[in-house]
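Participant: Sequence:
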Amino acid sequence: MVFWHDEVFTALRVTGHLGEQVEAQLFSGEPTTTSTVLQYQTFAPGSTFANTWRSLIDHPEHPPLFYLLCWLWVNVFGTSVTAFRSLSVLASTITFFALPALAWELFAVWEAAIIAPLLWAASPVHLLYAQEARQYALWSLVTVLATWALRRAVRLHHWRAWGLYAGCLSLTFYTSVLSLLIVLAHGVYGLLALSQHQWRKLAIAIAAAGGLFSPWLLVMWRDRQAWQSATDWTTAVSYPIDVMSKLWGLHFASVFIDPNLPLEHPYSWLVPPVLLLLLVGILLSLSKDLPKESSLLVLALVLVPTAALIGGDWVRGSVLSSHTRYFMPALVGTLVAVAGWLGRQYRHRRQLAIVGVALLLGMGFTSSWAMAQAPTWWSKGFNYHNRTIAAAINEWPQPAILTQAQGTTLGNVISLSHYLAPATTWVVTQPPELPLVPTFSKTVLLFEPTEQLLNHFACEPEALPVPGGLFWVSCESSDRR
Numbered sequence: 001m002v003f004w005h006d007e008v009f010t011a012l013r014v015t016g017h018l019g020e021q022v023e024a025q026l027f028s029g030e031p032t033t034t035s036t037v038l039q040y041q042t043f044a045p046g047s048t049f050a051n052t053w054r055s056l057i058d059h060p061e062h063p064p065l066f067y068l069l070c071w072l073w074v075n076v077f078g079t080s081v082t083a084f085r086s087l088s089v090l091a092s093t094i095t096f097f098a099l100p101a102l103a104w105e106l107f108a109v110w111e112a113a114i115i116a117p118l119l120w121a122a123s124p125v126h127l128l129y130a131q132e133a134r135q136y137a138l139w140s141l142v143t144v145l146a147t148w149a150l151r152r153a154v155r156l157h158h159w160r161a162w163g164l165y166a167g168c169l170s171l172t173f174y175t176s177v178l179s180l181l182i183v184l185a186h187g188v189y190g191l192l193a194l195s196q197h198q199w200r201k202l203a204i205a206i207a208a209a210g211g212l213f214s215p216w217l218l219v220m221w222r223d224r225q226a227w228q229s230a231t232d233w234t235t236a237v238s239y240p241i242d243v244m245s246k247l248w249g250l251h252f253a254s255v256f257i258d259p260n261l262p263l264e265h266p267y268s269w270l271v272p273p274v275l276l277l278l279l280v281g282i283l284l285s286l287s288k289d290l291p292k293e294s295s296l297l298v299l300a301l302v303l304v305p306t307a308a309l310i311g312g313d314w315v316r317g318s319v320l321s322s323h324t325r326y327f328m329p330a331l332v333g334t335l336v337a338v339a340g341w342l343g344r345q346y347r348h349r350r351q352l353a354i355v356g357v358a359l360l361l362g363m364g365f366t367s368s369w370a371m372a373q374a375p376t377w378w379s380k381g382f383n384y385h386n387r388t389i390a391a392a393i394n395e396w397p398q399p400a401i402l403t404q405a406q407g408t409t410l411g412n413v414i415s416l417s418h419y420l421a422p423a424t425t426w427v428v429t430q431p432p433e434l435p436l437v438p439t440f441s442k443t444v445l446l447f448e449p450t451e452q453l454l455n456h457f458a459c460e461p462e463a464l465p466v467p468g469g470l471f472w473v474s475c476e477s478s479d480r481r
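Read in the working numbering, the sequence shown has 195 at position 195, and its numbers run on one by one without any break.
Derived from the structure by calculation, the hints contain no laboratory data.
Where is the CB? At the ideal position from N, CA and C, for every residue including glycine.
Keep in mind that a hint or two might mislead.
Now the in silico label distances, taken between C-beta atoms and shown as ranges [what the hints assert, rightly or not]:
#1 G46 with W110: 53 to 59 Å
#2 P240 with Y267: 17 to 23 Å
#3 A458 with A307: 54 to 60 Å
#4 W110 with F365: 18 to 24 Å
#5 G381 with A307: 23 to 29 Å
#6 L276 with R316: 21 to 27 Å
#7 P240 with E23: 31 to 37 Å
#8 L277 with P240: 21 to 27 Å
#9 Q373 with R347: 36 to 42 Å
Model the full assembly from the supplied sequences, consistent with the hints where possible.
Facilitator: Below, the structure written as structure tokens:
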């Protein structure tokens with residue numbers, strides 16, 4: 001599956017490259033081969049951990065745990081795409097073995113402890129992020145660990161258990177700043193379900209986790225302008241409410257089924273609402289049947305992050321809730337809730353539980369099989385078509401690809417370069433400077449060109465029949481280097 005923009009930046013940071021320096025070198029207007037471009041996905045000669053650390057603190061919006069683990073990982077296994085992604089595979093595999101412990105703490109039935117990892121193995125959304133070189137599989141794992149540790153601490157009533165919870169919660173902070181959503185869920189649970197004495201212990205544990213995270217908070221505060229710049233994209237666009245509501249439904253549906261259909265497909269209006277209604281019924285059933293120390297924790301993990309993301313977007317005018325990856329705590333809670341309900345049903349309505357498990361596993365494995373065969377998936381964002389674009393470029397003799405740098409050009413160029421012939425030439429400039437055609441090129445192609453670049457040639461560039469903004473210049477250009 002296509003190695004997309006965000007994964008490209010994982011490789012850049014882990015290998016110690018600063019984006020601004022890479023742009024200065026690649027976007028100079030000098031012809032550069034794709035093999036040279038891909039050198040920025042590996043360690044430079046003489047690179048040390050100090051280079052990686054400098055790159056990480058240059059982007060304080062991403063806490064360092066995943067990237068530090070990835071640095072250790074690729075130093076052992078190399079810097080191939082497979083190596084970068086395999087750390088997420090490992091995190092997802094550990095989650096498979098951790099889920100039974102969480103299910104047992106919550107539901108105290110062995111059937112739920114068996115069903116939860118089965119649903120995890122078949123879950124399309126968790127498989128999707130288990131094969132991506134980003135922190136979301138690790139975030140799911142530490143969410144499971146922190147929630148298990150909380151329920152265990154509530155049951156055991158001693159400080160060592162609360163200390164373990166504080167440590168696990170701090171790992172969530174060091175994985176994603178949006179782990180504040182987990183704190184909100186656990187805090188609401190504490191207020192509604194715990195005694196005053198236990199609530200004080202929970203508050204102390206949360207404060208201790210925050211203290212453990214304070215070194216990175218200082219990094220974020222020191223570079224708060226970089227933080228602000230890196231998150232400006234969340235308010236740069238807006239979507240109609242009908243689009244947002246379809247996306248919200250698709251987030252939760254993807255835990256169990258994901259056909260990767262276009263947003264405008266009738267599926268988006270039909271299947272997710274049905275699954276959401278079933279989920280609401282399951283949550284209501286659990287709230288009636290389980291002790292509040294368990295039921296409220298499940299409900300809080302599903303509902304509080306969801307409400308916070310959607311409500312935060314409504315207040316700020318942002319679009320965080322349009323992205324499935326930010327719902328990871330709620331999606332983990334959804335899977336655990338369904339596993340717990342089915343496990344409990346197995347003791348009283350065995351046939352219903354068996355049919356339900358078989359249906360969910362069938363939908364999940366079917367979606368996951370299709371995903372495993374596909375060259376791309378909806379999560380690849382604006383690089384969705386890069387393999388198709390690269391295949392079209394590779395058909396041309398000695399192509400030179402011209403473009404001018406825009407907001408996401410660096411990630412796009414490197415992502416596309418993973419699938420281009422090694423000798424393919426890039427010429428990238430910073431606007432308003434125009435790229436010049438290399439004398440040795442036989443084909444001139446324009447990738448995501450600006451209007452200025454499109455109008456630069458004597459003939460009108462011809463749009464090629466591939467998605468993604470690829471044009472062929474059929475006439476000779478006088479501007480050759």
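Participant: Take a look at whether the Cβ-Cβ distance between A458 and A307 falls inside 54 to 60 Å.
Facilitator: For A458 and A307 the Cβ distance comes to about 58 Å; the hint holds.
Participant: Do L277 and P240 keep their Cβ atoms within the hinted range of 21 to 27 Å?
Facilitator: holds, 23 Å
Participant: Using the Cβ atoms, figure out if W110 sits within 18 to 24 Å of F365.
Facilitator: Since W110 and F365 have Cβ atoms about 23 Å apart, the given range 18 to 24 Å holds.
Participant: Looking only at beta-carbon atoms, does the pair G46, W110 fall within the given range of 53 to 59 Å?
Facilitator: holds, 55 Å
Participant: State, for the Cβ atoms of P240 and Y267, whether the hinted interval 17 to 23 Å holds or is violated.
Facilitator: Between P240 and Y267, where Cβ atoms are some 19 Å apart, the hint holds.
Participant: A range of 23 to 29 Å was offered for this pair. Does it hold for the Cβ distance of G381 and A307?
Facilitator: holds, 25 Å
Participant: Tell me if the beta carbons of L276 and R316 are separated by a distance inside 21 to 27 Å.
Facilitator: The hinted range 21 to 27 Å holds for L276 and R316, with Cβ atoms some 24 Å apart.
Participant: At the C-beta level, are P240 and E23 separated by a distance inside 31 to 37 Å?
Facilitator: With a Cβ separation near 34 Å, P240 and E23 satisfy 31 to 37 Å, so the hint holds.
Participant: Could one say that the CB atoms of Q373 and R347 fall in the range 36 to 42 Å?
Facilitator: The hinted range 36 to 42 Å holds for Q373 and R347, with Cβ atoms some 38 Å apart.
Figure legend: structure checked against the earlier numbered hints; every hint is met.
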